[in-house]
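Colleague: Residue-level listing of the chains:
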Amino acid sequence: MAEYKVAKSPAILVSLGLGSCVGVALYEPTKKIGGLAHVMLPDSSLSGKKDFNPGKFADTAIDMMIQDMVKIGVDPKRLTGKIAGGAQMFQIKSDSSIMQIGRRNVEAVKSKLALLNIKILSEDVEGNYGRTIEFNCETGELTIRTIGHGIKKI
Amino acid sequence: MFSDMELDALKEIGNIGAGNAATALSLLLSNKINMNVPRVAIISFDDVSNSVGGPENLVAGIFMRITGDISGNILIIIPKPNAYNLVNYLLKHQPGEAGFSAMEESALVEVGNIIASSYIVALSDFTKLSMKISVPGFAYDMAGAIFSFPLSLYGYMGDTAFLIETEFTEGIDDINFHFFLIPDDESLKVLLKAIGVSSFGWNGQSRNGGI
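Note that the protein sequences, when read in sequence, are chains A and B. When we follow this note's numbering, the leftmost residue of the first sequence carries the number 1, and every step to the right adds one. When we follow this note's numbering, the leftmost residue of the second sequence carries the number 155, and every step to the right adds one.
Since the hints were derived computationally from the structure, they do not count as laboratory data. Ideal Cβ positions, reconstructed from N, Cα and C, are used throughout, including at glycine. There may be inaccurate statements among the hints.
In the DSSO-like style, the derived pairs of lysine-lysine whose C-alpha atoms are separated by at most 30 angstroms in a straight line are [as the list claims (entries may be wrong)]:
hint	chain 1	residue 1	chain 2	residue 2
1	A	Lys152	A	Lys31
2	A	Lys110	A	Lys5
3	A	Lys152	B	Lys347
4	B	Lys234	B	Lys282
5	A	Lys153	B	Lys234
6	A	Lys77	A	Lys153
Some, not all, of what chain A presents toward chain B, calculated at C-beta under 10 angstroms [what the hints assert, rightly or not]:
hint	residue
7	Thr30
8	Leu41
9	Ile66
10	Gln67
11	Lys71
12	Ser111
Some residues of chain A that are not near chain B, with every Cβ distance over 10 angstroms (derived) [said to hold, decoys possible]:
hint	residue
13	Gly73
14	Leu115
15	Ile118
16	Ser122
17	Lys153
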């Protein structure tokens, strides 16, 4: 949770039990290099601390992950994205927007990727259930396991 | 972050709430309920779900939001086998493998509601702070996913969450669950101040004696 990893094939990157968090998988198909971030919150500008963990926020996690991918030879123009998560686990009526954190994470991730011109190839987001995701750096396939909502490959 | 005395005071707050909740649960189940000494913990996000069997462990979660003089969250986690035992005890039948029916879910939520309400009433009496709890929300899913929401509220402050955890156990029918009080950051100071234990403007007097 609140971190990211970059790896070269053969490798499988895994994020367990995503709820309101969003998993962002970036992939460079010719070099078979993938990255997976477990984003917890939409926007680092809301951080109460200056020395925050950049892996936690949609804007900073994606930037850091791309930097690491560039370091090992990835051309950022070739990156594509897949996203999953952003659920609202509990349906509670509340006047504040904090209950909507899942949806806000999804929106933040999408606008960050749009800003960077990274195309989202597929997504499995929102809903009210948890997801465990596995990103295969050999194939670029993102496998989503749920409880009661089946297994999906996107 | 907090002094030992403050942590002890928070533990005592947890104890008072949990004691009341255990009594309510014991009346409801007409059985003896054991509770452990509350654990006051500042733990990393990943370790939170490890405390209930890991992020992928299947659990029932009952969530309530606290508002009023303090704000925060209550999360009751009942691991799958224990949730099945609890339903069996209350309704005299085993839930199917596919999950809980509306009636079974409602029974679990009601138990959560009774426990959380008793906890909050005791807390409110003790601290003289006004607190309301929301209608409970229910999820039967991976522990990591269930914790993600209350933990993400902490994410803006740091990489750790502050929890007051109590475990309730009913031995005969193997009903066991974890009660987490997760106060919002600023509310911890309010709680400590209310019982006169606070390095944030502590005046050296205890308003409630004893602590």
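Colleague: Hints numbered earlier in the text: which of these fail when held up against the supplied structure?
Modeller: Structure breaks hints 3, 4, 7, 9, 10, 11, 12.
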